[in-house]
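Peer 1: Here the structure of chain A is known, so what remains is to put chains R, P and X with the ligands in place on it, guided by the hints.
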Amino acid sequence: MSETTSNAPGKAGFKFDLQALGPILALIVLVVVGYLLNPDFLGSKNITNVLSRSSFIGIMAVGMTFVITAGGLDLSVGSMTAFIAGIMIMVMNGLIPSLGTNWGVILVGMGTGLMLGAAAGAVNGLLITRMGIEAFIVTLGMMVIFRSLVTWMADGGTISLNFSLGSIYEPVYYGGLFGIRWPIIVFAIVAILGEIAMRHTAYGRHCAAIGSNEQVARYSAVHVKNVRLMTYIVLGILVGLASVLYVPRLGSASNSTGLLWELETIAAVIIGGTLLSGGYGRVWGTVVGVLILGLIDNILNLTDLVSPYLNGAIQGVIIILAVVLQRARKSSR
Amino acid sequence: MSETTSNAPGKAGFKFDLQALGPILALIVLVVVGYLLNPDFLGSKNITNVLSRSSFIGIMAVGMTFVITAGGLDLSVGSMTAFIAGIMIMVMNGLIPSLGTNWGVILVGMGTGLMLGAAAGAVNGLLITRMGIEAFIVTLGMMVIFRSLVTWMADGGTISLNFSLGSIYEPVYYGGLFGIRWPIIVFAIVAILGEIAMRHTAYGRHCAAIGSNEQVARYSAVHVKNVRLMTYIVLGILVGLASVLYVPRLGSASNSTGLLWELETIAAVIIGGTLLSGGYGRVWGTVVGVLILGLIDNILNLTDLVSPYLNGAIQGVIIILAVVLQRARKSSR
Amino acid sequence: MSLAAANMTGAPRTESAAPILALSNVQRSFGPIQILFDISMELYPGEVHALIGENGAGKSTTMKIMSGYLAASDGEVVLDAAPVTFARSREAEAMGVTLIHQEFNLAQQLSVEENIFLGHELKRGFLLDHAAMRAQTRDLLGRLETPLDPRSKTADISVPEKQMVEIAKALSRKARVLIMDEPTAALTTRETEVLFRQIDRLKAEGTAILYTSHKLDEVARIADRITVMRDGRIVRTAQRGELNEDQMAEAMVGRDLSDMFPPKRPADGAEPVLEVEGFTIGTLVKDVSFALRRGEILGFAGLVGSGRTELMEGLFGVRPSTGSVAINGAPVRIHNAEDAMKAGLVYLPEDRKENGLILTQDMRRNLTLLALKKFSNIVIDRKAEEAALDKAIEEFDIRAPSRDVLVGNMSGGNQQKVLLAKIMLAEPQIVIIDEPTRGIDVGTKQQFYTFIHALADAGHSVVVISSEMTEVIGLCDRVAVMRRGRIAGEVTGDDVNEDTIVRLAMGLDKKGNGHE
Amino acid sequence: SIPAATHGWAGGMNFHAKTTIERLEATYPELDFVLSTASDPAKQVNDIEDMMATRNIDALVVLPFESEPLTAPVKRVKASGAWVTVIDRGLSEDGIEDLYVAGDNPGFGTTSGMFFKEMMPDGGKIVVLRGIPTTIDNERVEGFQAAIEGSGIEILAMEHGNWNRDDAFTVMQDFLSKYPEIDAVWASDDDMAIGVLGAMKEADRTDEMWVLGGAGMKEMIKRVADGDATIKANVTYPPSMSATAIEMTALNFVSNAPVSGKFVIGSVLITQDNAEKFYYPDSPF
Ligand SMILES: Nc1ncnc2c1ncn2[C@@H]1O[C@H](COP(=O)(O)OP(=O)(O)OP(=O)(O)O)[C@@H](O)[C@H]1O
Ligand SMILES: Nc1ncnc2c1ncn2[C@@H]1O[C@H](COP(=O)(O)OP(=O)(O)OP(=O)(O)O)[C@@H](O)[C@H]1O
Ligand SMILES: [Mg+2]
Ligand SMILES: [Mg+2]
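Protein chains in written order, with the working numbering: chain A, 260 to 592; chain R, 260 to 592; chain P, 4 to 519; chain X, 21 to 305.
Rather than coming from a laboratory, the hints here were simulated on the basis of the structure. Everything numeric in this text was worked out from a predicted model, so none of it was measured. Please note: incorrect hints may appear among the correct ones.
[To be verified] Sample of chain R residues facing chain P (criterion: CB under 10 Å; computed from the structure):
1) 382
2) 461
3) 472
4) 476
5) 480
Idealized CB from N, CA, C, for every residue including glycine.
With the rest of the complex left out, here is chain A:
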């Protein structure tokens, strides 16, 4: 009986395309620009570099997508990375006397990293869900706390991994399968799992529901607190994973490790089309966002367009433009 028009497929389809195209368009433009500025840009070497560098932010951004979709926020990921990396290194160095320098020690280190991540995430999540404190405050506090703990652990300096242990661990960042680096592989896997979790599991839907309307979710038998808590724990674990890949790169951690990574991570998520206000998130978009941010740096280094002082300015402009390209979807807010 009702004369529905809201489901005009044309309209809906078009809308979808537009929002989907947004970030991808920006990405394509960047790639083309990069290539024109410097053909080496598309060299497998450079691509590999960019991808494996981006993997840290990327892995965390996937987790952040869920946190934000569920209406949360986490400002602590950057310094959390530094903290976890620091502890990992200290643990591994500490174990050498007893266990010697071998994979065993490294595996223990990795385990520590992941567990520490889960724990840190749980602390954030519990303070937010059980105590009902604004995520912004909790994670801002944590950010400051982790940062200063690292400085303290490093005595203001740098915590360095035992050299010979470092050289065993190195392949985890520099090595790979079929010429594809481990960080890239891990990032890809995390992204795919994330995409599946977001679109094809009840968990993803529950995150969106909570972010969209917490009470509706509660009334619909969704266990709001647990789902939220879980988003922070998962993010924590992913931060741990990122640290596990980060440590072998330079074998050190200091209080300048992961500086401002939280902003970069969140920016990647939003550029990807996820709503900061929650209720709608897409993992593949986040991946695109991560690549966009990674490429900007890379391109700026590959070309000397301007005074390096102005790199930031260009960066800022591109970030904004990347989102202008998809304002169609934002305006639906």
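Peer 2: Showing chains R, P and X with the ligands alone in chain A's frame:
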């Protein structure tokens, strides 16, 4: 229940007290601790110092309260301060040859600062309201842009105000009325006006309405875009005002000016009890939040409790605790 | 018995059958204010039990307690003869008790299908079974004769469609006890019929149904047993047929309510204040033209989705539109609600939760938001506001536990009254009201109708969109009937009757001076 | 009052300050020290104000975050009659401080430049990583450029590695993919040198070029001492200057030795021959 029950009897009244007490309690605790640690803490000298240096964050935080109440966010205020201060100094230095070193030049400089602030705020606001881009992205982009512009203007170094002009300008920060420094006076005035605007004018009502339900505001003949835009412009002007007071303090600007002030400002607002999600804001709470943050730094300087490396940790803990004290109201989210 | 249940004249169930769900001496207070006073009632399998009462009587609260959304302050909820305490609605649902909320309970950003299965997603192993869920959604909506695309975003569908989605969501839960809080408040006769057919089906399957509505004719039609509440107490329980509509109303309100509608007042001679020519909104409203005269009460009827709401939202400037609009003969361009206000035109939105009221603020702020200019030169005149609130509470008989209660915590009907008061406060020359009496009890309706007439007498012009046929017929001396975004025809005088209007709405004939 | 340990060198400087203070507090119980570290000039001015207001200090040892903003506040400290020792970064007005212990930033650049000239008599292609944009960084780079003037050494590119390993790593990676031929890298700081080495190793072009860091981080000194082919040398910019300054200031109070004046600790070139005596294994830096 909630904020709106201001004139409520019984239970409602009690709740109101509870949320009101939250930050104030934290403030009192801090003051007591400070006094116990070092009696000079309550010395007029120290109080004056703390208040006048908090005034920068304070003045901006009042503006930020409106932005956040209307459901927005501004990450650019910190680097905006640096940028405005930089331009102000360059303008004033540039005018000396023609106008000499006198108040005239300084007044021009002040005017520039305020107008620049308004303009910067307008840019943020227009991108957000007319283009419909997430406030987070716009202001993050602007933050990066302003930062790098300052670095560029200062050629990586510091932009310093002509020395003799500086000594004329100094009283604007160090001078005052009846022994009360100008920054404190200005902060007080801004805060009072803000409180009035928020609770007793249509503008404040409209901000809260937009923040709680944009659609309802629209159907209620509130010009959503203009009100939002205005919050950003006002904030911009206040940032300009803060810069006007900041320049005479250090007589210089560099790319480390106003570092992380955006986070401190937002934190002050949230600690004060304003909802990050928008819909409810209270200016007096923000003022308390500003004082809390100001005191933490001060107290950490009063005593060497621990390794200075751990100051951050303490800071973080206190910030979180300050909000735990009022989780009653947050849980109403 | 299934036979008996299948047709409307099913005999009332004998007390011998055991109740599935029952309340015994339930009390409930919010803060210091007690809302429910020892409520006791039983729900029997295969029986439709109607709960009626004035706005704020405590119907929704009672239902929420039965279905685990609220805890009783005292007393027991008894399921299958055993006392239960539902810690959350989740548990109630698990035990087969489902509630359709009076206020919509859908996440705007999710699709229809996602909302229907929220919390009960169908899975294959770990992953969601999209195909199955989409199919079931189609099937459910099909049964409700609401051909919506399962993927359409909930924010984009109309209010009645949202109501049907709510119903579909409840049906998908396969409940033993189905509690419906004013399901038909936002439905036209068509959808109501569809719903009733479902109710018969469920009765036949032995489901116990608790039902509230302020449309007493419906109650008289489908209820096997009627419980009447007043001020949080049960004042009467009756079997089918014991009460006619007037008696129900009297039992609820405590006074006689014959002649609901004041005598009609044709405004033929009067000059037009609003003239609309070739008004079009995308695909929703096509080339609509009509005129509204001074002091006239013009009705708009039509099926769900006929475009009435869109048309009015377009006139009010909150939807982009094309076409010409003239007020008092002078052409006006209305781009947003502010323009409309300036032009002396206000609109009472259909969806009070999304567009009408700020649920997280108190009555005073909500009341004065639209007309705030009147209360503020530089600062807001708090006293004047309080005075306006007093007046509104008195005029519209708004009942709330305290004047500072959040609007979200008020009863549905009382919320609607606040919304009415808010619009009227703007003292518009032209007032468009969309489903004005949605969820309002008969007593207040009568007051409201007199109010509308007073408004018209004072020279204001009123447009009434209503899905309640009796309302349109009783209130308006001229009715425009919309169909598929066009005005299918216009009826006046004696033609203003159910038959003519429905025929036009469904395109069965072209009676009246239609514009097609 | 010193800048916070936001990068390796500052970390070392903090370390030396802390250890010295602990030692002096032990030896001279009559002395009482307060160490505060600031993350930006404004915070540093706050700290100094607090010291005056609540700690009524007799002496201030300060490493100005930036010269201009700190000049006026330090001047006020001086005016209050306290002893003022300035480390490293001079104030923009002369004659405020009683004691000035400084590293030599232009000198740091020049020494490095000289070494490049010496190693590449007939020129070559190099890339440069700069620090956090600051006056120091500018002075160093200008010194460097002046030194290699006309030596035929071509600077292919300069980018900011912000005295940070990760940033340096990223920048160097991109340099490597951008320039097929690089003869040497001036990392200008040992933290950045580590990042650079990481990038080179990954691209495995380690043998193709050599790297000059700076500031004498212990790992680096070690490699110089061991005659590493990539790390041929290092240039000192001793973070221990904080220790020197604090110690001398303390002396002024416990003895009547005349300690006021200006001490510039020059930047020395460390090569395999003299590496040993610059090696502090237990410093965090
Ligand atoms: N959370 C709450 N806090 C305070 N008062 C409440 C709350 N919920 C309901 N009330 C009050 O309880 C009373 C009964 O509300 P209820 O919704 O049950 O009325 P109702 O019978 O459903 O009326 P309507 O016909 O308008 O829906 C109302 O006065 C309402 O204001
Ligand atoms: N925001 C929207 N976006 C897209 N389509 C919409 C929107 N709102 C309503 N529609 C569609 O427009 C059609 C008309 O809806 P509308 O609400 O106007 O019906 P109506 O004539 O007002 O009847 P009722 O008021 O009973 O819903 C509906 O089919 C609905 O699906
Ligand atoms: Mg109700
Ligand atoms: Mg409608």
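Peer 1: Was the hint right that residue 472/R lines chain P, CB cutoff 10 Å?
Peer 2: Where the cut-off is 10 Å and the nearest Cβ of chain P is about 5 Å from residue 472/R, the hint holds.
Peer 1: Min Cβ distance, residue 461/R to chain P: is it shorter than 10 Å?
Peer 2: Hint holds; residue 461/R Cβ to chain P Cβ min 5 Å, cut 10 Å.
Peer 1: Does the nearest C-beta of chain P fall within a distance shorter than 10 Å of the C-beta of residue 476/R?
Peer 2: holds, 8 Å
Peer 1: Can residue 382/R be said to touch chain P, with a Cβ gap under 10 Å?
Peer 2: It is violated, given that the least Cβ distance between residue 382/R and chain P is near 24 Å, above 10 Å.
Peer 1: Quick check on residue 480/R please, does its C-beta sit within 10 Å of some C-beta on chain P?
Peer 2: OK, holds: residue 480/R within 10 Å of chain P, min 4 Å.
Hint 1 from the list above is the single one not met by this structure.
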